[in-house]
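Could you build the full structure based on these sequences and the hints that come with them?
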Amino acid sequence: MEMIRKKRSDNSLIATYLAIGATVVGVMMIFGILMLLAQGGVLELQPAAFYQFLTIHGTGMIGAAALAGAAVMWYFLRNYVDLSKKIFGLNLLFSLIGIVMVIIGVFSFEYASSWTFLYPLPALSANAWGTIGALLYLVGMLVLGVGFLLMYIDVGRAIIKKYGSLGKGLGWDVISGKKAEADAPPATVVASTMVTIVNVTALTAGATVLIMNIINVINPSFTFDPLLAKNLTYAFGHIFANSIIYMGVIAVYEILPRYTNRPWKANRIFLIAWTMSTSFTLVIYTHHMLMDSVMPKWMLIMGQILSYANGLPVLVITAYGALMIVYKSGIKWDMASGLIFISMFGWTVGVVPAIVDATIVVNHVMHNTKWVPGHFHMYMGLGAVVMIFGFMYFLSKEDSSLKTNLFDRIALICYTLSIIGVSGGFLVSGALSTPRRWATHFPDWMGPAVFGAVSGVLAAISVTIFVIHFIRYMMVRNKGNEGKVFHERKLA
Amino acid sequence: MIQTVAWITSLFFMLMVAAVFGVVALKSKERKDYEPIKKKWYKARTFYGISLVVLMLVLTIYTLRELPYNQPVYGQGKDPTIVDVEALQFGWNISQTSFKVGEPIEFDVTSADVNHGFGIYDEDMNLIAQTQAMPEYVNKVYITFDEPGTYEVLCLEYCGLAHHLMIATLEVTE
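Residue numbers (our numbering), protein chains in the order written: chain S, 1 to 492; chain D, 1001 to 1174.
Since the hints were made in silico from the structure, they are not lab data. Where hints are given, some of them may not hold.
[What the hints assert, rightly or not] Below are the DSBU-like pairs computed for lysine-lysine, each with C-alpha atoms no more than 30 Å apart in a straight line: (1) Lys1040(D) with Lys179(S); (2) Lys1027(D) with Lys178(S); (3) Lys178(S) with Lys1040(D); (4) Lys168(S) with Lys6(S); (5) Lys328(S) with Lys1038(D); (6) Lys332(S) with Lys403(S); (7) Lys1040(D) with Lys328(S); (8) Lys328(S) with Lys1043(D); (9) Lys161(S) with Lys178(S); (10) Lys178(S) with Lys86(S); (11) Lys1043(D) with Lys297(S); (12) Lys1027(D) with Lys332(S); (13) Lys1032(D) with Lys328(S).
Only a predicted model underlies this, so the values are computations on that prediction, with no experimental measurement involved.
If you want it as structure tokens, here you go:
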């Protein structure tokens, strides 16, 4: 009973993470819609406003989804290892401070470097923004990163304490045959270990390049190597953004077996796949630099080869496993199971244009076109974020007696179609050579942007419905002891 | 055109993924024992996995044969025209902007301030080549124009508020 009470109390913090994350995702969609409308020639937006929206949209989406993804990981991982709630709370506090600093930097001080803050742009803005705006944004990002770093260090500590090492958390002793498959760590522990390894690396790279930029902004006579800075920026951004999927997929591993009554156990191939994902995620960021011919050629070639290889774990193990577990299972479809299944579709389908773009000869004519947001809106918007929405419906069902209604089901369909519309619009634009991150478009490029904006409106409405359901759940569980009675009834 | 091939290839495989997920969703309401399903589909996975690896290997070998980083092999005594390109907020300094059809050109691209992207567009506004313009480094683009016309250079790396105004033209004549 004490354990249930503790878990219920932890759920409040987890729900706060999710509510903030999902709400920010919804708000960021509005900025996305406004940018597409401006590119489509429907809305007149000053370039300064457009690029501020661009900066806040990219930073906010990844930050919010990472926050919500962390909540998914924490919810399930606490069943296997002893996590610190204080540090989990501290991460939220650091994130909120960071978010406020970033918002003030962008909107009050007109800072607009895009999330990439490619050195030396924060210091050299051609008088568009000043030192204070740049410092607010860069230090805000640093504060955000420190919060996440503390949380991952705590996750790593807890895994090492229980399993002996991060290698054992990835199941290397099972892969090597020292331990039986039956004793393999659960999928949640494996995924959390992977995310800890890659994100501690990413956040260290990110902190390094942020500090380099901060020093350069304060005193421009201190300069750094722009190529090194670019490597650090993409190592940070690529890994951190991708880790959201690897946190979100924990919901898939945990929820689908409950709905299908079929086990999803970590076997040797599963563990090998996760070790592959860990290694590849760390090194394939170079596919963001395929158009930097001054990079060592072998790194760029490996960027293509390993990006292809990185598709294998998802295509052959995780997506295939999800399909197998659902196939002829008699699954009861509801909002949670439906969204979780769709999220696996989104991730898998998004891998296709991502792999195509990682091909050097293709990248030569598609890098920094709208093809790039096309593929990541697919696997983030229809993959990672949908895992989070699916988990939100799962939590509200597990933790309260709140029922879903027709609006939720309509929102699920609308969201799926609309993100296909948004991503499709971007991909078509990319095929038409439309540059990304452009405040205005030539007339030939406007059509897909308008189509994407209209689709985006539907997506934003759908997310609003998801968030309303979740806020209702939070209100229900906070109202008197309804939640407590529900849990005791479940226990009985 | 590479973009068309990329689009059709992506569309084909994306539709295949959609079809597989659709079939599984349609079959999800039936209830069968998991063990025979696992046995059958694990076997199929081995075949699927190997096929995918082979497909990726073939594609890798095929697409890595000619890389844009390598200087093309020109005819004897036919050295490329070297063109210095310097990007700066918010314009281009290009040492030569008029060329002949069939003339091999090497663009040596750098930046005077922040990161920019040097993208060459043909008259139909299709991107035909690009590289990054980075301070302190020189990236190279090798190109031989096949068609006469007015080509445009667009900035393809976000560089500040007038990023979308960084446009230059190249003239190619017979």
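Results of checking the hints against the structure:
no.	hint	verdict
1	Lys1040(D) with Lys179(S)	holds, 27 Å
2	Lys1027(D) with Lys178(S)	violated, 39 Å
3	Lys178(S) with Lys1040(D)	holds, 28 Å
4	Lys168(S) with Lys6(S)	holds, 28 Å
5	Lys328(S) with Lys1038(D)	holds, 11 Å
6	Lys332(S) with Lys403(S)	holds, 15 Å
7	Lys1040(D) with Lys328(S)	holds, 13 Å
8	Lys328(S) with Lys1043(D)	holds, 17 Å
9	Lys161(S) with Lys178(S)	holds, 19 Å
10	Lys178(S) with Lys86(S)	violated, 36 Å
11	Lys1043(D) with Lys297(S)	violated, 39 Å
12	Lys1027(D) with Lys332(S)	holds, 12 Å
13	Lys1032(D) with Lys328(S)	holds, 6 Å
Consistency with the previously given hints fails for numbers 2, 10 and 11, ordered from lowest to highest.
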